[in-house]
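Peer 1: Whenever a hint applies, use it, and build me the whole structure from the sequences.
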Amino acid sequence: MSALLSVRGLVKEYPQRGGRRGEIFRAIDGVDFDLREGSTLAIVGESGSGKSTTGRCVLRLTEPTSGSVTYDGLDLLGLDADRMRAQRAHMQIVFQDTYASLDPRWTVGRLLAEPLRLRERLTPGQQRTRVGEMLELVGLEAEHADRYPHEFSGGQRQRIGIARALMLKPRLVVCDEPVSALDVSVQAQVLNLMKDLQDELGLSYLFISHDIAVVEFMADDVIVMNKGRVVESGVCAQVLADPKDPYTRALLAAVPVPDPDALEDRAMRRAVIEAGLAAPVGGDVESAR
Amino acid sequence: MSALLRVEDLRVRVDARRGTSFPVDGISFEIGRGETLGLVGESGSGKSLTAMAIIRLLPTRAVRMAGGRILFGDQDMSGIGAKGMRGIRGNRIGTIFQEPMTALNPAFTVGFQLREPLRRHRGLGRKAADDRARELLEMVGIERSAQVASSYPHHLSGGMRQRVMIAMAMSCEPDLLIADEPTTALDVTTQAQILDLILQLQQTHGTAVLLVTHDLGVVAESCERVVVMRHGKILETGGVREIFHAPQHAYTRALLDSMPSRNVGKRRLPTLPEEVFG
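Keeping their order, the protein sequence lines are chains D and U.
Numbered per my numbering, the first sequence spans residues 1 to 289.
Numbered per my numbering, the second sequence spans residues 1 to 278.
Keep in mind that a hint or two might mislead.
[As the list claims (entries may be wrong)] Mimicking DSS-like on lysine-lysine, the simulated pairs with C-alpha atoms at most 30 Å apart in a straight line are: (1) D/LYS195 with U/LYS83; (2) U/LYS266 with D/LYS244; (3) D/LYS169 with D/LYS195; (4) U/LYS83 with U/LYS127; (5) D/LYS169 with U/LYS266; (6) D/LYS244 with D/LYS227; (7) D/LYS244 with D/LYS169.
What the hints contain is simulated information worked out from the structure, not anything from laboratory work.
Peer 2: Set out below in structure tokens:
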């Protein structure tokens, strides 16, 4: 399977906050990965790892400083604004916080029709049909188009967020912590929906998450980020079963397991976490073993 | 073992324009001395309101305790006035919340905020309180205690702020520590360290802990007994192994079954019979 999305040497620099003039901070520092068409690549990391910045840079919602992003053979960073806008129809994003991403003053129908109105010449009746179909696809009802976002539960709002992202039939969806704000029972429904939609529509997901268990369930491949760098990457099941990088090991050791008999040795775990946090970022994996 | 805290038939009432509701609706449980009890539930279960009712910090006048008793030791807390409560909170009952920035005052240094309860509750002089504040910061694993004591909360990372809050909560060596989602806002590596710290302090000081959380993983690795709440009611109470290995209630089972970590390699996550989750 070929890569739908290839990222090489991606860098994003910001002026150093509180620093002297000319001082810079590298939020992401040379990120490489390939996302295979129809698969899920997870970016996992803690706060400040650069995982969300990477997602935004791929879509050029944040302009990267250097590196390359190739989508379906096309060099995205070389496109002018008009051509980039045309490409965005194929690549959409789902956010964690639906309170921030869904305008509370708009009905669900208007929220979902907006991308169609901007991109496709459809009659209001055709728009309404497309909105209704999409609502049903994500497990809601066509009649829900007349309601406002606040009338829905958190899980339903995330279904609406997903529906809006899918209105223009994208091939790539960047999912930035899509289930982190949801209760466990609701999270399961939304994750299942995302898997179903992937199968049905052949979607490729760039799945950004801090939650290892969710990543383990969703992803085919994974990259682990720490302080702006990729410290480990590979097939998800392999990386999680046999982590090589000390930071990845710390991350895995720290995840609480819902089994009272699972944690045998707290002192050992403490040592693994401390070693991982203290290790040089992206240090030589072999010498760290 | 006599209970340190006993909650009997607690009800919390909310009066809103749309009508009256009982987000905590007749719950009873107890915590023994030195015990760690997990109060677990999803959003809307009433777990946080229960904790707030115990320390009498319910958010507004529209939300109030509407029935039941809370016994702390052999004292009925309803008989204690506002002034008496101030003597209990921060002194015999310590609290840790999810977001330390809401509990820490941005206008004062960390050192000042640590010294204040020591002077108020323990009558320590300035120098003694200062020494004790530094000692507390070291106890929660902060090495450069002098530097941290002289900084303001916004200068510190989330994990450091949570350590400071734990130091504050533990400063008067309380009998009971109420921790409401203490690690939910933290990175997972920091979470593991903070939970470790809470358990260490519990063991060395014999403090009882009421851990309010939505995270079953956190409960599994830190609690001895568990109370499962939903829609203001207790569904089941039991030892941590019973709850995780042989849950009695269908909701508890469904909650455990729907966790991604229990379904690795599967195509789908089991979702709940509608009658269970509704």
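Peer 1: Please go over all the hints and tell whether each is borne out by the structure.
Peer 2: Now the hints, each set against the structure:
no.	hint	verdict
1	D/LYS195 with U/LYS83	56 Å, violated
2	U/LYS266 with D/LYS244	25 Å, holds
3	D/LYS169 with D/LYS195	16 Å, holds
4	U/LYS83 with U/LYS127	27 Å, holds
5	D/LYS169 with U/LYS266	27 Å, holds
6	D/LYS244 with D/LYS227	17 Å, holds
7	D/LYS244 with D/LYS169	38 Å, violated
Taken one by one, the earlier hints fail for this structure at numbers 1 and 7, listed in ascending order.
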